[in-house]
Structure formats: structure tokens, C-alpha cells
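S.K.: The chain contents come next:
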Amino acid sequence: MAQGFLDAWALVFSFDVDLYEIIFLSLRVTISAVIIAALIGLPLGAWLAVNRFYLRRYVIAVLNALMGLPPVVVGLFVYMLLSRSGPLGGFGLLFSPGAMIIAQVIIITPLIASLSHQTIRDLWAEYHDLLISMNTTRAQRIMALLWDGRRALLTATLAGLGRAIGEVGAIMIVGGNIEHSTRVLTTAIALETGKGNFAFAMGLGLVLIALAIIINLMIHMIGKTERAGTW
Amino acid sequence: MKLIWKALVAATVMATASHAESLKMAVTTSFYNSGLSDVLLPEIKNDLDLDVELIVVGTGQALYLGQAGDVDAILVHARAAEDAFLAAGYGTHRREIMYNDFILIGPSSDPAQIAGSQTTVEALQSIARTMAPFVSRGDDSGTNKKELALWAEAGITPMGGWYRAAGSGMGATLNTASGMNAYVVSDRASWLNFGNKGDLALLYAGDPALFNQYAFIPVNPARWPHVKNDLAMQLEGWLTSEKAETLINSYTLGGEQLFTFNATR
Amino acid sequence: MVSILPLKLTAATAHMRGKRLVGPVDFTLGSGGMTLVIGPNGAGKTTLLRLMHGLQRCSGGALIWAVPDVEARQSQAFVFQAPIMMRRRVIDSLAYPLRLRGMAKRAARGRAQECAQRFGLEDLLSSWAPMLSGGEKQKLSLARALIVEPEVLFLDEPCANLDGSATREIEAILLAAKAAGTRIVMSTHDMGQAKRLADDVIFMHKGLMHETGVAAEFFATPLTPEARAFIKGDIVE
Ligand SMILES: Nc1ncnc2c1ncn2[C@@H]1O[C@H](COP(=O)(O)OP(=O)(O)O)[C@@H](O)[C@H]1O
Ligand SMILES: [Mg+2]
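Chains as they are written, first to last, in our numbering: chain G, 1 to 231; chain B, 1 to 265; chain H, 1 to 237.
The reader is advised that the hints may include incorrect statements.
Stated by the list, open to error - Sample of chain G residues facing chain B (criterion: CB under 8 Å; computed from the structure): (1) Asp-18; (2) Ser-83; (3) Arg-84; (4) Ser-85; (5) Leu-88; (6) Gly-176; (7) Asn-177; (8) Ile-178; (9) Gly-194; (10) Lys-195; (11) Gly-196; (12) Phe-198.
Unchecked claim - Short, incomplete list of chain B residues facing chain G, as computed with Cβ under 8 Å: (13) Asn-33; (14) Leu-50; (15) Glu-53; (16) Asp-70; (17) Phe-194; (18) Gly-195.
If you are wondering where the hints come from, they were derived from the structure by calculation, not from laboratory data. The C-beta atom is built at its ideal place from N, Cα and C for all residues, glycine as well.
Required output: the full structure, derived from the provided sequences and hints.
M.R.: Rendered as C-alpha cells:
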């Protein structure tokens, strides 16, 4: 453990170019995936909260079930889609950061949608009469709920980020863990663990945790300057 | 936030902009863990201006990736599976490059007394007779297939509480063996590179039956027109060159030579 | 602009899960003045207002404005008994109805500022609306309803949870709005308030309009025994 700390420290401050490349790709893939998943998941959650339709219950049940989907299964699914022998093979996306982003989007969108659905549902119960009375369109309602619920939605999004940045099973399969191309922190950790380099793997793990904490703090700080209040 | 994001995007674009031609090759974990690729890839880049992107997987998955057209070439070590791959028309041809060897690892106390065995068969029979704990890859990899072939040769169907199939890669299997203080079949490179040896030691090696032939197979462009067959052929030319021969034969780990070049030119 | 009034209710009825809440009601809401909806708890005052405003569906009969519904909806506002505060600052809460109508952000905030001044909310502009006191919240609700200059304003017991001074402020605002031409329909269970404000009265009892008429006449000579008892302050079953 202590050795892991020291290794990680030594590594970070040795300005090892490869390590920075790996960190950078981790950030790029995860942040892209979180942004895309939030753009899909947040409105979807709001839409499900605001609309009553026949299959609504089932859609929500499916969403909640998808939250528990093993990432390896998602990885296999995306692999079969993007493989040259699969339906989307023509795009040549397999073993690229794009493929990793797609897999992560599939993994975290249900999580973000489900959490935001719960938040928005409560807010909608509160706002319902007012927004109906004000003669709002469906889109205006969703916009108002997303905006006013942004604090809780940020938390939902960060939960997605936490899940994405630590994910390894799916991106190993669709990214291929190619050095200088698709290797990220988690796949590097799996690789080093496989080689028996526990201390080094542990060090990378610490870098990963530090990164997650820094991103969370940064986002909360940005959020706070906008709010300047208790909300 | 927007600024940071823009900077990230800009940096990514720059990082990926000036790329040479690249080729994807599926290789086995044991080859990758040997560290030989770290020596060869920069030289290939130098000589051919070619980025070889390695997809490191088990033999079964490597063959499947080739079959699906997801890589341009494969470098594996499982003769029977390779022949089947070629027979099905998934690859153009098979070119032998080099070999390394498998070794028998076990607790340094060697409860089954395999260290003095005359043959691999005899060593395995001792392990089975004493029911000493043994960890198998159990993942249908080249190493796993080789191990099973050796058991068959010894006339033993390994089963029972002493025989554990880990279902994972070489490193993870060595970790398991180290934790259980069990016998295990490994390739020499993975063993030398392995950082968590614990009480394990190399107990038996050197039998020609343990030699492990690596072969290069370009994926068939007749099946998958997008594969970069010309680059694969360039790479094959380089891998069988005199320069490659020197680099491969002189690659050592802990003072030991790992690979022996044996391509025919 | 064309008036959305009169509003005609013909045998209008409201049901909820098979239970009749209000109706059948026949009534015409003409222009001008302030109509107070009074009656005991559970008589159907809230439901009647929601029915007129379109928050409650007509389960039977008809409810027809002088203009098509889509247009009529644009010229009404509703103030709820329990103020619904959006999680925004006061200024943005006030600007929101204007923004919904496509007004640019700066213009909407400017109008919101003027409006806050008129309602004595100028010191609270940058406060978070959900943090206001009960009286301030109801004043904000009223300002938010009036900022779009609706032709008809519905209020459901807006002073039910307020003290005397807050009630007086609200009443002053309502009288000013009436003077400016806003048609006001408001429920209350406070007889004093009804007497102070009403031009016309609708007395609700058991989901029906038991008695309607000009306020002065209704309070002086109620026609039904239930209305008489209610005005006297007796408990009406
Ligand atoms: N959502 C509802 N579901 C069922 N019954 C309701 C609902 N809302 C109101 N009611 C019933 O309708 C009747 C009229 O209620 P309401 O209009 O709120 O009366 P008031 O405002 O005069 O007190 C009451 O008997 C009440 O219990
Ligand atoms: Mg009521």
C-alpha cells in the first residue's frame, strides 16, 4: 500500500509522458461519455416524469434494470455492433476512443436517466399546477424542471461520471487497451495487475481516485459560483 | 469549464493529427507480457514508418478478431487452431517467426518432486499422483491448449480438487498459483516478468515438447477488403528480416534469452 | 384586444374517480368587477375555480369562453392557496411568465424589476423565492400572475394562511387590479373579506352553486336557509 503511494507519487512527478497520455485519454473518454449521456439521460428522465403514457411503467422498469447491466455485457454488445462483421462495422470504430465512448454512454445513460427521473418527478409534483396554469408547452415544462432541478441533476450526472471513470470491462473489449491509442487508467490497471505488478497497479488506482475527487470538487466549485446561495 | 473543454479537444486533435500509417495486430497476452514488443515496435516505426497497434487478448479471441475482420494480422501460438483458421479461409498464409518455451512452475518445496523429472510427461504424472494443487489457465488460450495437450500425452484427464481452472490470463493465473502455492504451466516470458512470485520457483524446463512456436497470419483481404494486407506483408517482411533476427535473439530478461528466431527466408 | 369574456358554463360538471365534486353548474361570468366564491369547507370552491381555469377537466356539460380555448388560456392567471414557488430568485420568478411568452431576458428582467417595485418586493429581488415568508410568497404569486396582465385572474383563498397586515396588502393590490380592469374571481371562507371586496357572490354548497347574485343583496337578504346560516356564522352541514 505504502509502496503503491510512493510509486504513484514518483510516477506523477517524473512527468512520465505515457502516464499523462493515459490520464488524458481517460478524461477525454469519460467526460465525452458523461456529456453525451447527460444530454440524453436528463431530458429522458424529465420526459418520463412529465408524460403519462401507456408503457411508462415498463420503460422505467427497463431503465432501472439496465442500471444493473454488467459492463462486460455492454462491451460485448457494442463489440458485436461495431465489429467489421457487425451491422455498424463499416464505420471502422472498433478499437478507437469513439467505441469506448459509445460503450460508456450505454452504461451510464440509464443511471443518469433513472436518477434524474426520480428528482424531476418530485419537482414536477410540486410545479404541476403552476406550469399547467401558465399554459406551458411540454418542452417548456421539461426545460424549467431541468433548470430548477439542476443541483440534484448535477449529482445524478456525477454519479454517472463516477461509474464511467472506474469502468474497465466494457472498454477493454471495445477499446482493446492499445498502447498510445486506447489505453486508459482502468485498462492499464488491469494490465499491470495481470503482470503481477501490484504496487504499480495500486499507484495507478490512486491516480484514478485522485482524478475523480478533483473533477467532483471542480464541478461543485463551478456550480457554487453560479448559485451564490443555499440552493 | 468551456475553456478547459476546448483545450482538451484541441489537444486531442493535435495528439492524433500527425499519425503515420497504422496496422492492428492481435497478439497473445504471453507475447505482450514478454516485453519483446517494446523493443520491436519502435524499430518497426523507424524502419517502416508504421504504427503497429497491438490488441492484447487470449488466443481464442485473437483468432476470432481475425475471423471478424477487426484486425489486420494475428501473431499467435496454437498450431491446431491456426490450421483451422487457415483452412476456413480467414487468413492468407501462416509464417513461423520464432519460438519460446513453456516451463513448469511450482512451490519451491516441490512436494511432487518434479524437478528431477526426465520428461514433461513424467513431471505431470508426479503432480497428478501426489494430487499437488495445480492451477490451469482454463481460458482456451494457446498456453491452456498446450497444457491440455501435455496432460493428454501423459495419459491423464486432470480433474478433482487439486486441479483448478482459473479462467483468466497468464498473469492472473500466476497470481492465483502464487496465492495457492500451486503448480502451474507458464510461458517463460510471463514468468520472468511476473512481479508477485512469492514462494513459487521454476522447477522444470528444457524438454522440446515444451517449445512454443509463434506464427504470423495476415487476415485474408478476400474476405475483408478493408484490411491492410499490404502493410501486413510489409510487417511480415520486417519480422523475418535479419534485423528482426538479431533483435529477437538478443532480447533477454533477467539475463536469459527468451525467444529463438526460426523464420525461413 | 378581443375580450375572452363572457365565460358560459352549461351543466358543467367535475368528477374525480367516479365521484362528483362540482356541478352540474349553469353560470355566465360577465366582464367587470370582482366575484367572490364563498361556502363551507369542501363545498367545491377550489374545484369550481380549477374547472373554470382549465386545471380540472369538465366531465360533463360545457364550458365556453368567448374566444377559442387556446386564446382564452393566454389571458388568465391563477393564484393558489399554497403558493407554488419556483426554485429561482424573485426576479427570475417574476420574469418567467414573460420569458414563456418569448420576451428577451433583459427586457423581462426589466419588467420584473418595475413590477416588484409596484408590489413592494424590490428589496427581495435577489432572494431565493422558496426562502420567502408566507406573506411575501403570496405577494410574489400575485405579482407573477399579474405581470402578464391577464384579463381574468382566479385566486383560491389567497389569504387563508396570512395575518392581518399581509391580508390588507393583498386586498389593496386586488382592488388596484380591479380598477385597472382585471376581472377577478376569488374564493374565501372569510366572511369579512367577502363583504369588503365582493361585487358579486357565488355561494357554493355541496358542489352546487346554491345561490348567486349581487353582493349587497346577497348579504342583506340571502334567499336560502343555508346561505342565511353561513352568513350568520352558523355551522353549515
Ligand atoms: N383530488 C381529489 N380527489 C377526490 N376528491 C377530491 C379531490 N379534490 C377535492 N375533492 C373533494 O371534492 C370536494 C370539494 O373540494 P374543494 O373544491 O377543495 O372544496 P373547497 O375548496 O370548497 O373546500 C370535497 O369533498 C373534496 O373532498
Ligand atoms: Mg379549497
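S.K.: Each hint should be assessed against the structure and marked as holding or not.
M.R.: So, going through the hints one by one against the coordinates:
no.	hint	result
1	Asp-18	violated, 11 Å
2	Ser-83	holds, 5 Å
3	Arg-84	holds, 3 Å
4	Ser-85	holds, 4 Å
5	Leu-88	violated, 12 Å
6	Gly-176	holds, 4 Å
7	Asn-177	holds, 6 Å
8	Ile-178	holds, 5 Å
9	Gly-194	holds, 3 Å
10	Lys-195	holds, 5 Å
11	Gly-196	holds, 4 Å
12	Phe-198	holds, 6 Å
13	Asn-33	holds, 6 Å
14	Leu-50	violated, 13 Å
15	Glu-53	holds, 5 Å
16	Asp-70	holds, 5 Å
17	Phe-194	holds, 4 Å
18	Gly-195	holds, 4 Å
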